[in-house]
Amino acid sequence: MLITTVLNGKSLRQEVPADKTLLDFLRENGCLSVKRGCGTENCGLCTVWVDGTPVLSCSYPLPRIDGHEVTTLEGVREEAAAFGAYMAGEGAEQCGYCSPGFIMTVLAMERELRNPAEEEINAYLAGCLCRCTGYSSQMRAIRKYLEKRHETD
Amino acid sequence: MRQISQKVRKLDAQALVTGMPVYTQDIVQGPYLTVKIVRSPHAHAKILSVDASKAMKVPGAACVLTHRDVPHVRHTLGGYAYAGSNPYDRLVLEDRVRFVGDAAAIVAAETAEAAERMARLVKVEYEVLPAVLDMDTAEEAPAVVHPEEDYVCKPSIRNGNARNVLACGESGNGDVEKVFSQCDVVLEDDYHTLGNSQCMMETFRSYSFYDKNRKLTVISSTQIPFLVRRTIAYVFGLPISTVRVIKPKVGGGFGAKQSLVTELFGAAVTIKTGLPAMVLFDRRESFTATTTRHEMKLRVKMGAMRDGTVRAVSLYVRENAGAYGDHAMGCVGLSGHKSLPMLGKVEAYSFRYDVLYTNLIPGGAFRGYGATQGCFAVESMVNKMAHALGLDPVEMRLKNIPMEGDVMPAYYGETLTSSHLDRCIRRGKEMIGWDEKYPRRQTGSHTVRAVGMAASMQGSGIGGVDKCFATVRLDEDGRYTVLNGAGDMGTGCDTILAQIAAEVLETDIANVHAAAVDTDYSPYDKGSFASATTYVTGMAVVKACERLIGQMMAEAAAALETPEERLVFQGDCILEKDAPENRISVSDLARRQMTSGNCHAFTATCGHMSQTSPPPLMAGFVEIELDTQTGQVKVLDYAACIDCGTVINANLARVQAEGGIVQGIGMALYENMQFSSQGKMRNNSFLQYKIPSRLDVPPIRVAFDSSYEPTGPFGAKSIGEIVINTPAPAIADAIYNACGVYMTELPFLPERVLDAINNKAE
Ligand code: FES
Ligand code: FES
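Those protein sequence lines, which keep their order, are chains A and B.
In the working numbering, each number is its position in the first sequence, counted from 1, plus 33.
In the working numbering, each number is its position in the second sequence, counted from 1, plus 604.
Hints were generated in silico from the structure; no laboratory data involved.
All values derive from a computational prediction rather than experimental measurement.
Possibly wrong hints are sitting among the right ones.
Using 20 Å as the maximum straight-line C-alpha spacing, the simulated SDA-like pairs for lysine to any residue come out as follows [said to hold, decoys possible]:
1. 1003/B / 909/B
2. 727/B / 651/B
3. 177/A / 610/B
4. 949/B / 993/B
5. 876/B / 695/B
6. 1294/B / 150/A
7. 611/B / 172/A
8. 1238/B / 151/A
9. 1147/B / 1158/B
10. 53/A / 664/B
11. 1238/B / 156/A
12. 611/B / 176/A
13. 1294/B / 73/A
14. 611/B / 178/A
15. 53/A / 909/B
16. 901/B / 743/B
17. 611/B / 1309/B
18. 53/A / 1276/B
19. 177/A / 150/A
20. 53/A / 1303/B
21. 1294/B / 72/A
22. 758/B / 688/B
23. 611/B / 150/A
24. 1238/B / 993/B
25. 650/B / 676/B
26. 53/A / 717/B
27. 177/A / 1303/B
28. 177/A / 622/B
29. 661/B / 758/B
30. 901/B / 1276/B
Generate the whole structure from the sequences, applying the supplied hints.
Written out as structure tokens, the structure is:
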């Protein structure tokens, strides 16, 4: 089928097989930040945004992006680097394989929740698995980042 | 010290957090063949025939390989230095399959879709054989997992193939039975630990091709680049130097990538077709067709006096090797050698083991490597003994742990050259608030809060076995490059090694570049495993930097026309002690390599092997809430204090600890690998095999109390593995303190805890 989409700000018209996953489509279109940890909607590594809302690209039907906007980490590199600096400051990117999906979810949370409490943050990010860090360093990074953002608001 | 113990950022942090293409699948370029494996649906079968005709008709089909198309060379996939004693019991493909998921054939095609279709169309005719699915009956089982005549193993492992015995052995010191007879209390119990899946987020993958010089090149997500190279060369009959292995960023390993997993399949296809080939295992294959932590059954017997002194201990371990012996020997050894020495005052100990083959997924390396299982059993028994004697488990530890300077007979007779374990125990006790919380508080009509603790040790490399090199060179612009072959799997060891170099070279970390591993350019290293990289490779870096400084001093002496002994190295320059204006900067020295006819290249490669493996030590304390109506255990707090020697990177060490502890909590409470009566793994996805999410664990609190290890770089020992060991025994004891039942089988699922509570009530 023919789909029209805006990928990281660029218009794209492409003939695609309807059964392809959004994840594979994105990687084939150069968005190599998008990672697959499971393929069964359990890990969150493949998180990207469709019209600004986080979705799991491993199982999101490709036809549904027709006429919609898709954003990957490649499309928000500056913001990712700004938050990522806090992760780096905590050593929270260990193997880093979960980082793109995690960062996309954190940046979406930041847009959605104002001054979230720790439980709200954990609930929002519950779908993002990480096998390396045990999550504590990620929380420290988020807290420090949000505090800083708050100060400069 | 300027670099050591600082919170230095990982050198590749920026690339990782901005999603740069740095992992295996990101850096390979098409077109390439996609490789798929045809897998056995049977736990044990003979392959009578393979019909590839239909599969080869699929458009884009490249090849179907069967056992006739690969070399008949028995090997092991377990990555281990030259002295390894794992049996050579594998072929790339064989006319026999030994577990559900074992490889029966390899297919390759131009697209992933075509390869998948091919895999479905290959017709394998099996003769199903009786399977050995339980290690307890393996010895009497009618089926033999490895009947082949060309099976290779060392006589020292005391193999009994015909009875499915991979190995057996014993070691000890003194007359345990005699000492038991003199003890006030002797307790005995059985413990059972299950297989666990390592579950690193990047599944297994490798990409093979011939480079422009016809060199077989493999880009692999591995912890052991040099051992991958050696094994490929061995299996395919190639000189080692004609194979090249490149390791890009790796998305986690935890030991899983201390085995070859995909590499031989891809290499077979590239050798057959001459074409680039990509092998990528999905999550289900990663669960079912690779390796797991070894299932173990452990019997501990312990004898103590009324004052709490443990005088004798014996441990008998049955280890389930699964279908192949990849890491069976190392793991079973550690179950005793890294648990028993924690009883530092015993007059006698004995350690015996049997390792059994079964038709289940092979055991392999997983953080802790057998020590974790041993720690669960022995530490649980120490707690039980404390309760039996009416002593506080903390006091029990302080009475029995080995102290700095003690000789540890159960730890290869090594001397404990550095230990702050006593301080770690006291500190951890304070952190959790033990005195206020021990043993329990009722918090509701059916909720109880309780605390529990355990102590543990691991090693730092394998003494007298692990050999690692490092190369350090001064580049044209006065900066340095550190080359290593270790295989950073995401732990940040490249950064650690750069920090060590920066410290010796008295420069800023920004002036040190750490190069990725490429066996064509990197110096040999046995790989990133056995908690060795900081301790062993780190020392090689120290030596190489010192030699490099020597080279620079000699050249400076010539340039300044001043005898070397009058000069000092000051990081950015070399100057005359008594005439500091007589100096040459490091950048000028660097340039002299290109401008002065007599100046040699400033580059130094040094190797290091430690004869000992000094143990890091730690104490872990947990607070749980138990719901006595449901059996649900919730971890409320985890406090750990660790002696890993000098902490090289404060952030990375802490995150290693936090991550390892959470993996240990997963092992204790959730990760429940189960097989059907036909030997098929039941939980082969993250839906069924639950690893901890951020909702399952509290913030982990970690403190360090560092001793100084004289044989390590700047006093460092290791941190990577020890951190997974304490949660299972600590949580088990917290459950006991909460409700009076001993949990001896992992994991502590609610229904099991509830059963135990109900049984006790009866
Ligand atoms: S890959 Fe999509 S949720 Fe795991
Ligand atoms: S950092 Fe490795 S999975 Fe999260």
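Right, here's what the structure says about each hint:
1. Of the supplied pair hints, the one linking residue 1003/B and residue 909/B holds, its CA atoms being roughly 11 Å apart against a limit of 20 Å.
2. A hinted pair counts as satisfied when its Cα atoms are at most 20 Å apart, and residue 727/B with residue 651/B qualifies at roughly 11 Å.
3. A distance of roughly 19 Å separates the Cα atoms of residue 177/A and residue 610/B; the hinted pair therefore holds under the 20 Å criterion.
4. At roughly 17 Å between alpha-carbon atoms, residue 949/B and residue 993/B fall within 20 Å of each other, so this suggested pair holds.
5. Restraint check for residue 876/B and residue 695/B: satisfied, since their Cα atoms lie roughly 17 Å apart, inside the 20 Å limit.
6. Annotation: proposed proximity of residue 1294/B to residue 150/A is violated, straight-line Cα distance about 26 Å (limit 20 Å).
7. The straight-line distance between the Cα atoms of residue 611/B and residue 172/A is roughly 17 Å, inside the 20 Å bound, and the hint therefore holds.
8. With a CA separation close to 18 Å, the supplied pair residue 1238/B and residue 151/A stays within the 20 Å bound.
9. Using a Cα cut-off of 20 Å, the hinted pair residue 1147/B and residue 1158/B holds, with the two alpha carbons roughly 17 Å apart.
10. The suggested pairing of residue 53/A with residue 664/B holds, with an alpha-carbon distance near 19 Å, which does not exceed 20 Å.
11. About 17 Å separates the Cα atoms of residue 1238/B and residue 156/A, which keeps this hinted pair within 20 Å; it holds.
12. Under the criterion of a C-alpha separation no larger than 20 Å, the hint pairing residue 611/B with residue 176/A is consistent with the structure, at around 18 Å.
13. At most 20 Å may separate the alpha-carbon atoms for a hinted pair to count; residue 1294/B and residue 73/A meet this at roughly 13 Å.
14. Taken as a hint, the residue 611/B and residue 178/A pair is honoured in the structure, with Cα atoms around 17 Å apart against an allowance of 20 Å.
15. For the hint pairing residue 53/A with residue 909/B, the CA-to-CA distance comes to about 68 Å; that exceeds 20 Å, so the pair is violated.
16. Between residue 901/B and residue 743/B, the direct Cα distance comes to roughly 15 Å. Compliance with the 20 Å bound is thereby established for this hinted pair.
17. Our distance criterion of 20 Å between C-alpha atoms is met by residue 611/B and residue 1309/B, whose separation comes to about 16 Å.
18. Of the pairs offered as hints, the one joining residue 53/A and residue 1276/B is violated, with about 33 Å between alpha carbons and a cut-off of 20 Å exceeded.
19. Only pairs whose Cα atoms come within 20 Å are accepted, and residue 177/A paired with residue 150/A is accepted, the gap being roughly 13 Å.
20. Distance check on the hinted pair: residue 53/A and residue 1303/B sit about 39 Å apart at the alpha-carbon level, beyond 20 Å; violated.
21. For the given pair, residue 1294/B sits about 15 Å from residue 72/A by alpha-carbon distance, which is consistent with the 20 Å threshold.
22. For the suggested pair residue 758/B and residue 688/B, the alpha carbons sit about 10 Å apart, so the restraint of at most 20 Å is met.
23. Distance check on the hinted pair: residue 611/B and residue 150/A sit about 27 Å apart at the alpha-carbon level, beyond 20 Å; violated.
24. With a C-alpha separation of about 28 Å, the suggested pairing of residue 1238/B with residue 993/B is violated against the 20 Å cut-off.
25. Among the hinted pairs, residue 650/B with residue 676/B is consistent with the structure: their alpha-carbon atoms are about 16 Å apart, no more than 20 Å.
26. For the suggested pair residue 53/A and residue 717/B, the alpha carbons sit about 11 Å apart, so the restraint of at most 20 Å is met.
27. Distance check on the hinted pair: residue 177/A and residue 1303/B sit about 15 Å apart at the alpha-carbon level, within 20 Å; holds.
28. Restraint check for residue 177/A and residue 622/B: the C-alpha separation of about 19 Å stays at or below 20 Å, so the hint holds.
29. This hinted pair does not check out: residue 661/B and residue 758/B have alpha carbons roughly 45 Å apart, beyond 20 Å.
30. In summary, the hint linking residue 901/B to residue 1276/B is supported, as the alpha carbons are separated by about 15 Å, within the 20 Å threshold.
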